[in-house]
Amino acid sequence: MLSKKITIINESGLHARPAAILAQAAMKCDSEITIVTPEKTINPKSILGIMAAAIKKGTEIELQCEGTTEKEDLEKLAQLIESGLGE
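Numbering-wise (the working numbering), the sequence shown opens with residue 1 and increments by one.
By construction, these hints were calculated from the structure, which means they are not laboratory data.
One thing to keep in mind: the hints can contain errors.
Subject to a maximum C-alpha distance of 25 Å in a straight line, what follows is the list of computed PhoX-like cross-link-like pairs (lysine-lysine) [to be verified]:
id, residue 1, residue 2
1, 76, 28
2, 4, 71
3, 76, 5
4, 56, 45
5, 28, 45
6, 56, 76
7, 57, 76
8, 57, 5
9, 57, 40
10, 4, 76
11, 45, 71
Quick list of simulated restraints, FRET-style, between CB atoms [said to hold, decoys possible]:
id, residue 1, residue 2, range
12, 1, 49, 12 to 22 Å
13, 36, 83, 19 to 29 Å
14, 68, 11, 27 to 37 Å
15, 28, 1, 16 to 26 Å
16, 11, 67, 10 to 20 Å
17, 79, 41, 16 to 26 Å
Glycine included, C-beta positions come from ideal geometry on N, C-alpha and C.
Turn these sequences into a full structure, and let the hints steer you where they fit.
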């Protein structure tokens, strides 16, 4: 398992649009993916799970990937989150 800590930079946190972008990208990954926040652990392949976590700007999350493509998946998703998920 590989993991990386990332701070959310989106002004409005992970609301509907960035949650959808993250979930779509996560669904294309073969790894088991988990996001750990200070309050809960979520499956980023679920838009509702991401939105229910109410992840705000400045929150540090830990992105975890486990599987045969964990390195590539972690790099791809981390880059997407660090770039602001299209915002």
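- Query: Which of the stated hints cannot be reconciled with the structure, identified by number in ascending sequence?
  - Reply: 16
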